[in-house]
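Trainee: Next come the chains, spelled out residue by residue.
4 protein chains.
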Amino acid sequence: MKNNFVVRDINLASKGKQSIEWVSKWMPVLDNVYRQYKTENVFKNKKVALCIHLEAKTAYLALTIKKLGAEVWVTSSNTLSTKDEVAAALAVNGIHVYAKHAATRDEYWSYLETILKNNMDVTVDDGGDICEYLHTHSKYGKNLKGICEETTTGVNRLKELEKSGKLLYPSIAVNDAKSKHLFDNRYGTGQSTWTAITQLTNMNIAGKTVVVAGYGWVGRGVATRAQGMGAEVIVTEIDPWKALEAKMDGHRVMTMLDASSLGDFFITTTGFSNIIRMEHITRMKNGAFLSNAGHFDFEIDIPSLKKQAKSCKVVRDEIEEYLLTNKKKVYVLAQGGIINIAGGLGHPADIMDLSFSVQLGCLHFLLSTKNLVPKVYKVPTEIDRLVTEEKLKAEGITIDK
Amino acid sequence: MKNNFVVRDINLASKGKQSIEWVSKWMPVLDNVYRQYKTENVFKNKKVALCIHLEAKTAYLALTIKKLGAEVWVTSSNTLSTKDEVAAALAVNGIHVYAKHAATRDEYWSYLETILKNNMDVTVDDGGDICEYLHTHSKYGKNLKGICEETTTGVNRLKELEKSGKLLYPSIAVNDAKSKHLFDNRYGTGQSTWTAITQLTNMNIAGKTVVVAGYGWVGRGVATRAQGMGAEVIVTEIDPWKALEAKMDGHRVMTMLDASSLGDFFITTTGFSNIIRMEHITRMKNGAFLSNAGHFDFEIDIPSLKKQAKSCKVVRDEIEEYLLTNKKKVYVLAQGGIINIAGGLGHPADIMDLSFSVQLGCLHFLLSTKNLVPKVYKVPTEIDRLVTEEKLKAEGITIDK
Amino acid sequence: MKNNFVVRDINLASKGKQSIEWVSKWMPVLDNVYRQYKTENVFKNKKVALCIHLEAKTAYLALTIKKLGAEVWVTSSNTLSTKDEVAAALAVNGIHVYAKHAATRDEYWSYLETILKNNMDVTVDDGGDICEYLHTHSKYGKNLKGICEETTTGVNRLKELEKSGKLLYPSIAVNDAKSKHLFDNRYGTGQSTWTAITQLTNMNIAGKTVVVAGYGWVGRGVATRAQGMGAEVIVTEIDPWKALEAKMDGHRVMTMLDASSLGDFFITTTGFSNIIRMEHITRMKNGAFLSNAGHFDFEIDIPSLKKQAKSCKVVRDEIEEYLLTNKKKVYVLAQGGIINIAGGLGHPADIMDLSFSVQLGCLHFLLSTKNLVPKVYKVPTEIDRLVTEEKLKAEGITIDK
Amino acid sequence: MKNNFVVRDINLASKGKQSIEWVSKWMPVLDNVYRQYKTENVFKNKKVALCIHLEAKTAYLALTIKKLGAEVWVTSSNTLSTKDEVAAALAVNGIHVYAKHAATRDEYWSYLETILKNNMDVTVDDGGDICEYLHTHSKYGKNLKGICEETTTGVNRLKELEKSGKLLYPSIAVNDAKSKHLFDNRYGTGQSTWTAITQLTNMNIAGKTVVVAGYGWVGRGVATRAQGMGAEVIVTEIDPWKALEAKMDGHRVMTMLDASSLGDFFITTTGFSNIIRMEHITRMKNGAFLSNAGHFDFEIDIPSLKKQAKSCKVVRDEIEEYLLTNKKKVYVLAQGGIINIAGGLGHPADIMDLSFSVQLGCLHFLLSTKNLVPKVYKVPTEIDRLVTEEKLKAEGITIDK
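As given, the protein sequences belong to chains A, B, C and D, one line each in that order. In this note's numbering, each residue carries its 1-based index in the first sequence increased by 11. In this note's numbering, each residue carries its 1-based index in the second sequence increased by 11. In this note's numbering, each residue carries its 1-based index in the third sequence increased by 11. In this note's numbering, each residue carries its 1-based index in the fourth sequence increased by 11.
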């Protein structure tokens, strides 16, 4: 069967191919999991849909699934993160890809519909949109063996459906695998947030004061790396235990209101909205930088900032300067979107290797396990363990038994 | 009622008093929890037994409980850690104390018996000996409202009793409180292990290779502090996720066999026995130091070492030199006992402030809550939260809501 | 007088203007030094030539000198680092600019000649080419009050001239100012090297082994930041004291031959040639990355690598893959050129603020001091102090007297 | 010739012998330098005087010199640091030792006189008292080939004598050797200061605010280790470059007046007097700790504190509690004397190995070099290099050439 596709420009394919080839060099765990499955027929002629940020690492996952014999449909979970050259490369490599950078909301949902009406066998979701569509259009779910969900947000949606008794399909909380959440948030986001900030701003971090809102995995990663770059770190928290841990890790801890006037760089990592508000922004130093490393772009109250600032102008790629009525200027990075993806290259390839290997393992589990019921399943421990052990092996590490 | 006691030398009381006064200055959380309870009569005339390492911080807990109106009985959970001067100070301050440094096993159990036959209302255990006694002598448990357990080991004993349906009393797993286990192992043991090692050995740590067996809370604390002192750290683990975390935290990870020939200092933190065995010791560099930061003294196989070494002599306080048949010498610190207590001052006072405040809160809970059943209870969240919030307050920290 | 210029494309000026405006926001020290001089006439109608990497920060120095009343001539010290849009922006702002990205060697020297035959009053050199030209064409030096030199290399050239009695002009070793060399190498290069590497490769650094050749200021900066990102660091050195310092800072120390098979990333920082040779490269792991943070591109023996490799291809921007005869692949970043400039944005703006403020102060000194003789002068302490004190003021820091 | 001695109690010798044997295990560099000299007769029957802190490491140096054939006379440079058991052990091992812990000033000078009137060939000084004596009693210097000086203070005294033309003997500034000053201050004092503080106080350092006065080698060592223990560090300085370095190393920088109200621990490292004065102490938090890691005990103005406090009492070994008129209490460690020696074990043995090997090398140089003149000599580079290369060898490190 020939593949169909909608992409921005098919001529970008060779550039996309180069990107995919690059990341493929650094995903040996995925290669090894693939090797374990390739002599079986579990994926043979199965229909698999992926709705994830469409860039090179995702593309390599799609191509790996295809090599296992499946038909693969791909769209992006966020049209702003779509790389058109990568989509083009998938199109010429036999993937059914429907994705354009900066597609409209209508286009986005039409892509999802186009894919899902082909009656998928299994799907990978990143935020829960496939899940939502298939729960409102259950006719297209008749073949569905299950859904793998990549994010906390999507897992929460699934659990609500489960609690209310409305969940229709077996689902796996991939996000909760130890080999995913222990590594990608702390080390992946921790590092890539700072690469993005220093690349966008050309600023020196040593000697600066960095305010990190939230001390969960992402916050710890961002704070640890800031400390490692010679910054002084201030942490804000609402959880007293995390606040005390931050203190004992050598950071200063205070309210955002107190921190407002001290920070040179502000980074939100909380998952909650309106963490940085006008009451904070008006107290900031002239020249403060605001950015967000959380999943959603609502942690900084940019709508109010836009409304109340005297002016707003783009002064550099992904940097907007807001002139406040108090005459100070503040700089917002990547419009408050998730900085490491919206303003950078996303997670390192060798970190995504872990997460996508878990995805492949979970798809295999859904396709090969009988009698699964509509329920949110944990990632099977043997998959979680397999991925971490393969990663250790790839790093040349042997441990005690 | 006058108190009874058995102590080594009552004349040591003034020296003990000085130690207790010192630590009392750094336990403001316990003072604040005390203040919340002092207008109530919950502890009034109640009998409370403590069986914990008997040193200054424990003594201050005992005196605080007494100030709340209780009769307090104290013995030590480990006769080697008993400070005779502290016991003497308790004796002259109205505490029923039965403890001598290096008491025999028979004396130890007779102390417990003497205390428990007075029919306690509540008890604090550290390892589970009170629990064992009261399950085999249940006639003395007729007034017992419950047991608070400080350690992982003791909590495990309680859970086995619960599972087998033999648990007779409500019990609280104090060890599992977030305000305890997140802090005392990582920060308390982490630091005090290194103070003990550097004080005992007078060695420079910068530039040395430190092998840490185990990457749980204690292992992380010990490894982080070693890194902070300029050492290169090697971690050994059996858990692949922890091994990978150690690697990503910048440590080298390998088997103990491979690490054996590389380390200058070896520190076990696993909770398992025979982690360092003769096959490792014979590969070590001449001059290697062996120590243990885990609860029990069985992590280094000292019995085999004693048997197979050509000679063993004490070369400095708490340091034994073993001459091996391969002509190399290795040095064992504190006979393989828990280094920060057996070879040092134990946890810092301001860290024990957290743990003992949880203990006081849990005793209060047991005494003031009706209808508790024989079951292992978690520490009530409001107590856990209270302690951490009081600690933040004591540090002058305000956080967001 | 109207300015003359040779630039690639004058239409790029508005883009260049944006870049210059951005960095100008983060150079408050230069602004303050400017303010101290602006009421004097020292620079009035003086001719000043700059031959430095031509990018935004350099451009802002040029414009600042022009604001003080001077005529400013600018070319680039390295045609590969020239930003055409910045050159265009200078051209439309009245600077005599002669620079094109990737200009030929002949063009380069013709630019220098065009500028220098206008008989400069003072010059800023970066590597010593102005100096060389004016020593071979001394007729153009008749008005010359002196030369400021930015680099170690250039300072060494000057000292040789001085020693041989051939130095014709007063010269200042700007590089040796404490406010320059203590900061830009360690903090500036340290950080920007890693931003470049992570941006070019999209690789995770935590858990990797990084081999740093050389433990001078640059090497320390690169090693410290690597450690701060969670890498294990190996240092190679030829100086025993630096080797021992590296060891005591927690790094492993060994020969390059031993390190060859262990590293994931190799970074040379020595200033010497052929630090990484084929005997090392053939021992490396498959997938090793080679890069250089030293001034010259001769630290990795790329000529031999090119000759002996089975193939070489560009696999990503600024990444060349070499397939060795042993079937392993290694990746060379930025062709072995100075990674933070050739593969990134160069030093952070707020670090260059220090160096360029020293330059401005030294130009002022040359123009306003009588009776200077042909000699290599140190930066006057009062200028060095002024710049650092202004930096502290800009950071809002007050210190004791 | 039988040796003479004055010690507190000769019966302590076996305990002292144990201490000396312990440190001798960790001084392999001194052993190797000894081996290079032992076949020569340079030290044969020469008279060598040492006036250094008299503890185990010094004793091992004395015994090593004796093994080379010299007659060795020893006294202590500071009577408070004298270990009586070590002195006793030297006495029974044939060293002419004159030293008692807490000897009076008169006794101290009588010991020096007793030794020096024996007409030494070479001497080792620590602070310059031998030098002073021999310049006022030059009749005893008739055989003197030269003086080795261990400290900055002593070197400064020597340089003043040299400048004023009054220096009578060749002298070597041992303190300035790279293998000494690059290592013992930063790593030795850095670590041993914290061992002393945590051992004396039993306080947790993680989460505390540490104020370090001075950012020279000692200050950097103390600050780096504090950071490594999880503290937040504030640095005070008078030198703007060091202040800026401290800032870029991630510390906060401010005046002592501003820091006063923020610190939990204060540590002076400046070498200047009255760094912490009453104006600072009265602003401190209740419970602040004051200590000094500089050579002299004058950095904290304890005389004023004693006068103005309402009371002062010893509350624990080496801890004095001062009650201020503002009702707050502050704690002074080791009476403001150098904390790592007065309150601890001094430098680690393996760090002193470097310094004392340089001493041995310099004594050898003085005894074997002809035609030295009264002048302050640098340590010969070949000795400095030898010591560092032997240290690398002892650590099993090979470096590139």
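Careful: at least some of the hints might be erroneous.
Pairs count within a copy or across copies, as identical chains cannot be separated in the list.
Stated by the list, open to error - In silico lysine-lysine, BS3-like type, Cα no more than 27 Å apart, as pairs: (1) Lys404 / Lys156; (2) Lys153 / Lys318; (3) Lys412 / Lys296; (4) Lys150 / Lys128; (5) Lys150 / Lys324; (6) Lys36 / Lys321; (7) Lys174 / Lys296; (8) Lys412 / Lys177; (9) Lys170 / Lys389; (10) Lys49 / Lys318; (11) Lys386 / Lys78; (12) Lys296 / Lys28; (13) Lys338 / Lys55; (14) Lys174 / Lys389; (15) Lys389 / Lys412.
Hints were generated in silico from the structure; no laboratory data involved.
Trainee: Next, verify each hint and record whether it holds.
Mentor: Status of the hints after comparison with the structure:
1. Taking the shortest Cα distances, Lys404 and Lys156 never come within 27 Å of each other, neither inside one copy (31 Å) nor across copies (53 Å).
2. In the homo-oligomer, the alpha carbons of Lys153 and Lys318 never lie at most 27 Å apart, since the shortest distance is 48 Å inside one protomer and 60 Å across protomers.
3. Taking identical chains as interchangeable, the C-alpha atoms of Lys412 and Lys296 lie at most 27 Å apart only when they sit on different chains, with a minimum of 24 Å there against 54 Å within one chain.
4. Within a single copy, Lys150 and Lys128 get their C-alpha atoms as close as 8 Å, which meets the 27 Å cut-off; across copies the closest is 72 Å, which misses it.
5. For the identical chains of this complex, Lys150 and Lys324 are neighbours neither inside a copy (48 Å) nor across copies (50 Å), given an alpha-carbon limit of 27 Å.
6. When the C-alpha separation of Lys36 and Lys321 is checked against a cutoff of 27 Å, the pair qualifies only between copies, where the shortest distance is 19 Å, while the shortest distance within a copy is 49 Å.
7. Proximity of Lys174 and Lys296 under a CA criterion of 27 Å is satisfied in neither setting, with 47 Å inside one chain copy and 51 Å between copies.
8. With identical chains, the CA atoms of Lys412 and Lys177 are never at most 27 Å apart, being 43 Å at best within one copy and 34 Å at best between copies.
9. Taking the closest pair of Cα atoms, Lys170 and Lys389 come within 27 Å of each other both inside a single copy (12 Å) and across two copies (25 Å).
10. Proximity of Lys49 to Lys318 under the C-alpha cut-off of 27 Å is found in neither arrangement, the shortest distances being 56 Å within a copy and 39 Å between copies.
11. For the homomeric pair Lys386 and Lys78, neither the shortest alpha-carbon distance inside one copy (29 Å) nor that between copies (54 Å) is at most 27 Å.
12. Taking the shortest Cα distances, Lys296 and Lys28 sit within 27 Å of each other only across copies (25 Å), while inside one copy they are farther apart (45 Å).
13. Taking CA atoms no more than 27 Å apart as the test, Lys338 paired with Lys55 passes in neither setting, with 64 Å inside one copy and 33 Å between copies.
14. Proximity of Lys174 and Lys389 under a CA criterion of 27 Å is satisfied in both settings, with 15 Å inside one chain copy and 25 Å between copies.
15. Proximity of Lys389 to Lys412 under the C-alpha cut-off of 27 Å is restricted to the intra-copy arrangement: shortest distance 25 Å within a copy versus 32 Å between copies.
Of the numbered hints listed earlier, those contradicted by the structure are 1, 2, 5, 7, 8, 10, 11, 13.
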